[in-house]
Amino acid sequence: MNENKNYEDFWKFFKAREKEFFNTVKNNDEVEKNFLDEISPAIKNINENFFFLTGMCEDETAELIITVDGNLKEIANAEDFIATAPTIENWRLTALKPESEIENVSINMNGFVFDKNNIFFYSNDDQNYPDEIDLTFVHTDLNEENENEIFNGTFIFLDNFLGEFNFVTQIDNYAIIGKDEAEKKLIPIEKLKDFLSWREKEFIEKYKGAKITTDDDSFSMLEATLNNGFPLIATVNSDLLKWDKKASHPWISVFRIEYNGDENNGFPNEEDYEKFNSIEDQLLAELKSEDGNLNIGRETAENIREIYFASKDFRKISKVLAATIQQYPEYVMSFEIYKDKYWQSFARYEMN
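Residue numbers are given in the UniProt record's numbering: position 273 of the sequence shown equals residue 273, and the series is strictly consecutive.
Derived from the structure by calculation, the hints contain no laboratory data.
By construction, the Cβ of each residue, glycine as well, lies at the ideal position given by its N, Cα and C atoms.
Hints should not be assumed to be uniformly reliable.
[As the list claims (entries may be wrong)] Pair by pair, the computed Cβ-Cβ distance ranges are:
#	residue 1	residue 2	range
1	I233	G70	32 to 40 Å
2	K184	K33	45 to 53 Å
3	F151	E271	19 to 27 Å
4	N49	E101	27 to 35 Å
5	Y129	I304	26 to 34 Å
6	D281	K245	25 to 33 Å
7	K288	F13	35 to 43 Å
8	K288	N265	29 to 37 Å
9	S197	S40	34 to 42 Å
10	K288	N227	47 to 55 Å
[What the hints assert, rightly or not] With a straight-line Cα cutoff of 30 Å, these simulated DSS-like cross-link-like pairs (lysine-lysine) come out:
#	residue 1	residue 2
11	K211	K44
12	K341	K73
13	K201	K116
14	K15	K319
Let the hints inform the model, and build the full structure from the sequences given.
Here is the structure:
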(Lines of atoms letter the chains of each structure in order from A and count residues from 1; the text may use other names and numbers.)
(Lines give C-alpha, C1' and ligand atoms only; values in the text may rest on other atoms or scores of the structure.)
Protein backbone atom coordinates (compact mmCIF):
# COMPACT_ATOMS: atom_id res chain seq x y z
CA MET A 1 0.00 0.00 0.00
CA ASN A 2 1.35 3.39 -1.00
CA GLU A 3 0.50 5.44 2.06
CA ASN A 4 1.62 8.77 0.63
CA LYS A 5 -0.62 8.26 -2.42
CA ASN A 6 -3.57 7.36 -0.18
CA TYR A 7 -2.92 10.43 1.96
CA GLU A 8 -2.74 12.65 -1.12
CA ASP A 9 -5.97 11.22 -2.54
CA PHE A 10 -7.81 11.82 0.72
CA TRP A 11 -6.76 15.45 0.99
CA LYS A 12 -7.73 16.08 -2.65
CA PHE A 13 -11.16 14.63 -1.90
CA PHE A 14 -11.46 16.67 1.31
CA LYS A 15 -10.28 19.91 -0.25
CA ALA A 16 -12.75 19.55 -3.13
CA ARG A 17 -15.61 19.54 -0.61
CA GLU A 18 -14.11 21.73 2.12
CA LYS A 19 -16.81 24.43 1.96
CA GLU A 20 -19.64 21.91 1.96
CA PHE A 21 -18.13 20.09 4.94
CA PHE A 22 -17.44 23.36 6.77
CA ASN A 23 -21.02 24.58 6.40
CA THR A 24 -22.31 21.23 7.61
CA VAL A 25 -20.25 21.42 10.80
CA LYS A 26 -20.83 25.15 11.39
CA ASN A 27 -24.60 24.88 10.96
CA ASN A 28 -24.78 21.54 12.78
CA ASP A 29 -26.62 20.23 9.73
CA GLU A 30 -26.90 16.47 10.25
CA VAL A 31 -23.15 16.30 10.85
CA GLU A 32 -23.04 12.53 11.17
CA LYS A 33 -24.84 11.92 7.86
CA ASN A 34 -23.48 14.83 5.81
CA PHE A 35 -19.88 14.83 7.03
CA LEU A 36 -18.78 11.92 9.22
CA ASP A 37 -20.42 9.24 7.09
CA GLU A 38 -18.98 10.87 3.96
CA ILE A 39 -15.35 10.82 5.09
CA SER A 40 -15.43 7.62 7.15
CA PRO A 41 -14.85 5.14 4.28
CA ALA A 42 -11.93 7.21 2.95
CA ILE A 43 -10.28 7.44 6.37
CA LYS A 44 -10.79 3.75 7.13
CA ASN A 45 -9.26 2.94 3.74
CA ILE A 46 -6.12 4.74 4.88
CA ASN A 47 -5.94 3.11 8.31
CA GLU A 48 -8.65 1.08 9.99
CA ASN A 49 -7.29 2.18 13.38
CA PHE A 50 -7.92 5.87 12.66
CA PHE A 51 -10.94 7.50 14.30
CA PHE A 52 -12.03 11.11 13.98
CA LEU A 53 -13.83 13.92 15.75
CA THR A 54 -15.10 17.25 14.53
CA GLY A 55 -16.54 20.50 15.82
CA MET A 56 -16.11 24.26 15.71
CA CYS A 57 -12.97 25.45 17.48
CA GLU A 58 -13.49 29.12 16.53
CA ASP A 59 -16.35 31.10 14.98
CA GLU A 60 -15.05 30.55 11.44
CA THR A 61 -12.82 27.51 11.95
CA ALA A 62 -13.91 23.88 12.05
CA GLU A 63 -11.57 21.19 13.33
CA LEU A 64 -10.97 17.64 12.17
CA ILE A 65 -9.12 15.55 14.75
CA ILE A 66 -7.59 12.21 13.82
CA THR A 67 -7.35 10.05 16.93
CA VAL A 68 -6.06 6.53 17.51
CA ASP A 69 -7.56 6.18 20.99
CA GLY A 70 -4.11 6.07 22.58
CA ASN A 71 -2.81 3.20 20.41
CA LEU A 72 0.97 3.63 20.61
CA LYS A 73 1.52 1.65 17.40
CA GLU A 74 -0.56 4.15 15.41
CA ILE A 75 0.42 7.54 16.86
CA ALA A 76 3.24 8.12 14.36
CA ASN A 77 0.90 7.22 11.49
CA ALA A 78 -1.71 9.75 12.62
CA GLU A 79 0.98 12.43 12.90
CA ASP A 80 2.34 11.57 9.44
CA PHE A 81 -1.14 11.69 7.92
CA ILE A 82 -1.89 15.16 9.28
CA ALA A 83 1.61 16.36 8.31
CA THR A 84 0.77 15.71 4.64
CA ALA A 85 -2.39 17.84 4.76
CA PRO A 86 -2.48 21.01 2.67
CA THR A 87 -3.67 24.31 4.09
CA ILE A 88 -7.45 24.24 3.92
CA GLU A 89 -9.36 27.45 4.50
CA ASN A 90 -11.59 27.48 7.58
CA TRP A 91 -10.23 24.14 8.79
CA ARG A 92 -7.83 23.14 11.56
CA LEU A 93 -6.43 19.64 11.05
CA THR A 94 -5.10 17.98 14.19
CA ALA A 95 -3.33 14.71 14.96
CA LEU A 96 -4.48 13.23 18.28
CA LYS A 97 -6.94 14.72 20.72
CA PRO A 98 -5.44 17.97 22.06
CA GLU A 99 -5.27 18.94 25.72
CA SER A 100 -7.87 21.28 27.21
CA GLU A 101 -7.96 23.88 29.94
CA ILE A 102 -9.47 22.52 33.14
CA GLU A 103 -12.32 25.04 33.00
CA ASN A 104 -13.37 23.58 29.64
CA VAL A 105 -13.42 19.95 30.75
CA SER A 106 -16.71 18.83 32.24
CA ILE A 107 -18.23 15.53 31.21
CA ASN A 108 -21.74 14.31 31.93
CA MET A 109 -22.06 10.58 31.30
CA ASN A 110 -24.53 7.97 32.52
CA GLY A 111 -25.87 10.41 35.08
CA PHE A 112 -22.44 11.18 36.56
CA VAL A 113 -20.36 14.35 36.38
CA PHE A 114 -16.61 14.40 35.83
CA ASP A 115 -14.91 17.74 36.48
CA LYS A 116 -12.41 19.52 38.71
CA ASN A 117 -14.85 19.47 41.63
CA ASN A 118 -14.93 15.70 42.07
CA ILE A 119 -11.66 14.35 40.63
CA PHE A 120 -8.38 14.51 42.56
CA PHE A 121 -5.04 12.69 42.51
CA TYR A 122 -1.94 11.81 44.48
CA SER A 123 1.43 10.28 43.63
CA ASN A 124 2.67 6.87 44.77
CA ASP A 125 6.43 7.00 45.19
CA ASP A 126 8.64 3.91 45.27
CA GLN A 127 12.29 4.39 46.20
CA ASN A 128 13.17 1.30 44.14
CA TYR A 129 11.70 2.94 41.02
CA PRO A 130 12.13 6.67 41.61
CA ASP A 131 11.50 7.70 37.98
CA GLU A 132 8.16 5.94 37.62
CA ILE A 133 5.09 8.14 37.64
CA ASP A 134 2.49 6.08 39.47
CA LEU A 135 -0.69 8.02 40.19
CA THR A 136 -3.94 7.35 41.98
CA PHE A 137 -6.97 9.28 40.75
CA VAL A 138 -9.86 9.74 43.15
CA HIS A 139 -13.46 10.34 42.08
CA THR A 140 -15.52 11.32 45.10
CA ASP A 141 -18.65 9.50 43.88
CA LEU A 142 -17.06 6.13 43.08
CA ASN A 143 -18.47 3.05 44.82
CA GLU A 144 -18.93 -0.66 44.09
CA GLU A 145 -22.19 -0.13 42.22
CA ASN A 146 -20.91 2.51 39.76
CA GLU A 147 -17.28 1.42 39.48
CA ASN A 148 -17.34 0.75 35.71
CA GLU A 149 -19.16 3.98 34.84
CA ILE A 150 -16.90 6.12 37.03
CA PHE A 151 -13.75 4.43 35.73
CA ASN A 152 -14.73 5.01 32.09
CA GLY A 153 -15.81 8.59 32.69
CA THR A 154 -12.64 9.46 34.60
CA PHE A 155 -10.54 7.94 31.81
CA ILE A 156 -12.34 10.10 29.22
CA PHE A 157 -11.92 13.16 31.46
CA LEU A 158 -8.15 12.62 31.73
CA ASP A 159 -7.86 11.95 28.00
CA ASN A 160 -9.54 15.28 27.28
CA PHE A 161 -7.75 17.24 30.00
CA LEU A 162 -4.20 16.04 29.31
CA GLY A 163 -4.61 15.33 25.61
CA GLU A 164 -4.22 11.94 23.97
CA PHE A 165 -0.43 11.98 23.57
CA ASN A 166 0.35 13.25 27.06
CA PHE A 167 -2.03 10.82 28.71
CA VAL A 168 -0.39 7.74 27.17
CA THR A 169 3.21 8.95 27.49
CA GLN A 170 3.52 10.93 30.72
CA ILE A 171 1.97 8.48 33.19
CA ASP A 172 3.51 5.04 33.80
CA ASN A 173 0.82 3.49 36.00
CA TYR A 174 -2.46 4.70 37.43
CA ALA A 175 -5.47 3.54 39.40
CA ILE A 176 -8.92 5.07 39.88
CA ILE A 177 -10.50 4.72 43.33
CA GLY A 178 -13.17 6.20 45.58
CA LYS A 179 -12.56 8.79 48.28
CA ASP A 180 -12.85 6.26 51.12
CA GLU A 181 -9.96 4.24 49.68
CA ALA A 182 -7.54 7.17 49.48
CA GLU A 183 -4.32 6.73 51.45
CA LYS A 184 -2.81 10.18 50.96
CA LYS A 185 -3.82 13.81 50.91
CA LEU A 186 -5.84 14.61 47.80
CA ILE A 187 -4.37 17.07 45.30
CA PRO A 188 -6.73 19.14 43.09
CA ILE A 189 -6.78 17.77 39.54
CA GLU A 190 -6.00 21.21 38.11
CA LYS A 191 -2.45 20.79 39.50
CA LEU A 192 -1.86 17.59 37.51
CA LYS A 193 -0.31 19.23 34.44
CA ASP A 194 2.17 21.20 36.53
CA PHE A 195 3.09 18.04 38.44
CA LEU A 196 3.68 16.07 35.24
CA SER A 197 5.67 18.90 33.66
CA TRP A 198 7.89 19.09 36.74
CA ARG A 199 8.48 15.33 36.75
CA GLU A 200 9.19 15.31 33.02
CA LYS A 201 11.68 18.17 33.32
CA GLU A 202 13.38 16.38 36.21
CA PHE A 203 13.55 13.15 34.20
CA ILE A 204 14.97 14.83 31.09
CA GLU A 205 17.63 16.59 33.14
CA LYS A 206 18.61 13.35 34.89
CA TYR A 207 19.03 11.34 31.68
CA LYS A 208 20.15 14.10 29.33
CA GLY A 209 22.72 12.69 26.93
CA ALA A 210 22.35 9.13 28.20
CA LYS A 211 23.76 6.88 25.49
CA ILE A 212 25.36 3.48 25.39
CA THR A 213 27.43 1.75 22.74
CA THR A 214 26.47 -1.89 22.39
CA ASP A 215 28.90 -2.97 19.66
CA ASP A 216 31.27 -4.73 22.08
CA ASP A 217 28.65 -6.03 24.52
CA SER A 218 28.51 -9.65 25.59
CA PHE A 219 25.49 -11.75 24.77
CA SER A 220 24.55 -14.67 26.98
CA MET A 221 22.67 -17.77 25.87
CA LEU A 222 20.14 -19.06 28.37
CA GLU A 223 18.37 -22.39 28.18
CA ALA A 224 15.34 -23.58 30.11
CA THR A 225 12.60 -26.19 30.03
CA LEU A 226 9.01 -25.00 30.13
CA ASN A 227 6.32 -26.59 32.27
CA ASN A 228 5.02 -28.48 29.25
CA GLY A 229 8.45 -29.99 28.65
CA PHE A 230 9.33 -27.88 25.61
CA PRO A 231 12.77 -26.24 25.54
CA LEU A 232 13.39 -22.48 25.51
CA ILE A 233 16.50 -20.69 24.29
CA ALA A 234 17.16 -16.98 24.82
CA THR A 235 20.07 -14.83 23.71
CA VAL A 236 20.28 -11.58 25.69
CA ASN A 237 22.66 -8.65 25.99
CA SER A 238 23.83 -9.30 29.54
CA ASP A 239 25.94 -6.11 29.65
CA LEU A 240 22.97 -3.98 28.63
CA LEU A 241 20.76 -5.49 31.34
CA LYS A 242 23.23 -4.16 33.93
CA TRP A 243 23.03 -0.58 32.61
CA ASP A 244 22.09 1.96 35.28
CA LYS A 245 20.29 4.31 32.88
CA LYS A 246 17.63 1.94 31.58
CA ALA A 247 14.90 4.51 32.20
CA SER A 248 16.31 6.70 29.41
CA HIS A 249 14.99 4.07 26.96
CA PRO A 250 11.56 3.32 28.47
CA TRP A 251 9.67 2.04 25.42
CA ILE A 252 9.79 -1.74 25.09
CA SER A 253 8.96 -3.40 21.78
CA VAL A 254 8.28 -7.12 21.40
CA PHE A 255 8.31 -8.39 17.80
CA ARG A 256 6.81 -11.87 17.37
CA ILE A 257 7.16 -14.34 14.52
CA GLU A 258 5.04 -17.49 14.55
CA TYR A 259 6.12 -20.68 12.78
CA ASN A 260 5.42 -24.40 12.73
CA GLY A 261 7.91 -26.13 14.99
CA ASP A 262 5.79 -29.13 15.93
CA GLU A 263 8.33 -31.54 14.46
CA ASN A 264 11.26 -29.83 16.17
CA ASN A 265 10.31 -29.44 19.86
CA GLY A 266 8.81 -26.03 19.18
CA PHE A 267 11.93 -24.69 17.43
CA PRO A 268 12.07 -23.46 13.79
CA ASN A 269 13.44 -25.65 11.02
CA GLU A 270 16.71 -24.67 9.35
CA GLU A 271 15.04 -22.66 6.58
CA ASP A 272 12.92 -20.64 9.01
CA TYR A 273 15.87 -20.22 11.36
CA GLU A 274 17.97 -18.64 8.62
CA LYS A 275 15.09 -16.41 7.53
CA PHE A 276 14.49 -15.22 11.10
CA ASN A 277 18.16 -14.34 11.49
CA SER A 278 17.96 -12.37 8.25
CA ILE A 279 14.86 -10.51 9.47
CA GLU A 280 16.60 -9.73 12.76
CA ASP A 281 19.68 -8.43 10.92
CA GLN A 282 17.39 -6.21 8.85
CA LEU A 283 15.78 -4.79 12.00
CA LEU A 284 19.17 -4.15 13.60
CA ALA A 285 20.33 -2.30 10.49
CA GLU A 286 17.31 0.02 10.67
CA LEU A 287 17.08 0.39 14.44
CA LYS A 288 20.52 1.55 15.50
CA SER A 289 21.62 2.13 19.08
CA GLU A 290 22.94 5.60 18.23
CA ASP A 291 19.39 6.52 17.17
CA GLY A 292 17.98 5.42 20.51
CA ASN A 293 17.00 1.80 19.80
CA LEU A 294 18.69 -0.91 21.86
CA ASN A 295 18.45 -4.61 21.00
CA ILE A 296 17.97 -6.50 24.26
CA GLY A 297 17.88 -9.96 22.73
CA ARG A 298 15.59 -12.69 21.52
CA GLU A 299 13.75 -15.74 22.79
CA THR A 300 12.66 -18.87 20.92
CA ALA A 301 10.17 -21.44 22.21
CA GLU A 302 6.78 -23.02 21.51
CA ASN A 303 6.60 -22.02 17.82
CA ILE A 304 7.34 -18.34 18.49
CA ARG A 305 10.46 -16.21 18.03
CA GLU A 306 10.41 -12.93 20.00
CA ILE A 307 12.87 -10.08 19.41
CA TYR A 308 13.18 -7.37 22.06
CA PHE A 309 14.10 -3.68 21.82
CA ALA A 310 14.18 -0.75 24.25
CA SER A 311 13.83 2.70 22.67
CA LYS A 312 13.99 6.36 23.61
CA ASP A 313 10.94 7.01 21.45
CA PHE A 314 8.34 4.67 19.98
CA ARG A 315 7.60 6.44 16.69
CA LYS A 316 10.30 5.08 14.38
CA ILE A 317 10.27 1.55 15.72
CA SER A 318 6.48 1.35 15.41
CA LYS A 319 6.76 2.14 11.70
CA VAL A 320 9.74 -0.16 11.09
CA LEU A 321 8.08 -3.15 12.76
CA ALA A 322 4.79 -2.55 10.92
CA ALA A 323 6.64 -2.35 7.58
CA THR A 324 8.50 -5.58 8.36
CA ILE A 325 5.21 -7.39 8.89
CA GLN A 326 4.03 -6.19 5.47
CA GLN A 327 7.27 -7.38 3.90
CA TYR A 328 6.93 -11.00 5.06
CA PRO A 329 3.32 -12.10 4.50
CA GLU A 330 4.36 -15.77 4.56
CA TYR A 331 4.71 -15.55 8.36
CA VAL A 332 2.23 -14.58 11.04
CA MET A 333 3.90 -11.60 12.72
CA SER A 334 2.81 -9.11 15.35
CA PHE A 335 4.29 -6.61 17.76
CA GLU A 336 3.45 -4.69 20.88
CA ILE A 337 4.92 -1.54 22.41
CA TYR A 338 4.60 -0.58 26.05
CA LYS A 339 6.31 1.56 28.66
CA ASP A 340 8.60 -0.13 31.17
CA LYS A 341 11.15 2.35 32.50
CA TYR A 342 13.08 -0.19 34.54
CA TRP A 343 12.86 -3.06 32.02
CA GLN A 344 11.12 -5.20 34.61
CA SER A 345 9.87 -7.35 31.73
CA PHE A 346 13.38 -8.77 31.43
CA ALA A 347 14.12 -9.41 35.10
CA ARG A 348 13.91 -13.13 34.30
CA TYR A 349 17.13 -12.83 32.31
CA GLU A 350 19.21 -10.94 34.85
CA MET A 351 22.08 -12.90 36.35
CA ASN A 352 24.09 -12.01 39.44
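Exercise for the section: Decide if the proposed pair is consistent with the structure: K15 and K319, CA atoms, cutoff 30 Å inclusive. Expected result: holds (27 Å)
Handout entry: Beta-carbon spacing of N49 to E101 - inside the hinted bounds 27 to 35 Å or not
Key = For E101 against N49, whose Cβ atoms are near 29 Å apart, the range 27 to 35 Å holds.
Exercise for the section: May I ask you to test the hint 19 to 27 Å on the CB atoms belonging to F151 and E271? Expected result: violated (48 Å)
Problem - 30 Å limit on alpha-carbon distance, applied to hinted pair K211 and K44 - result: With Cα atoms ~39 Å apart, K211 and K44 exceed 30 Å; violated.
Practice task
Starting from the hint 47 to 55 Å, judge whether the C-beta atoms of K288 and N227 obey it.
Solution key: About 37 Å separates the Cβ atoms of K288 and N227, which means 47 to 55 Å is violated.
Handout entry: Satisfaction of the hinted span 29 to 37 Å by the C-beta atoms belonging to K288 and N265
Key = holds (34 Å)
Handout entry: 30 Å Cα cutoff - pair K201, K116
Key = Given that 30 Å is the threshold and the Cα spacing comes to 25 Å, the pair holds.
Problem - K184 versus K33 beta-carbon gap, inside 45 to 53 Å or not - result: Given about 49 Å between the Cβ atoms, the range holds.
Exercise for the section: Take the C-beta atom of D281 and the C-beta atom of K245, compute their distance, and say whether it sits inside 25 to 33 Å. Expected result: Between D281 and K245, where Cβ atoms are some 27 Å apart, the hint holds.
Exercise for the section: Return holds or violated for the Cβ distance of K288 and F13 against the range 35 to 43 Å. Expected result: Given a distance of about 38 Å, which is inside 35 to 43 Å, the answer is holds.
Problem - Satisfaction of the hinted span 34 to 42 Å by the C-beta atoms belonging to S197 and S40 - result: Because 36 Å falls inside the window, the suggested range holds.
Practice task
Using the Cβ atoms, figure out if I233 sits within 32 to 40 Å of G70.
Solution key: holds (35 Å)
Violated hints, in rising order: 3, 10, 11; the structure is consistent with all others.
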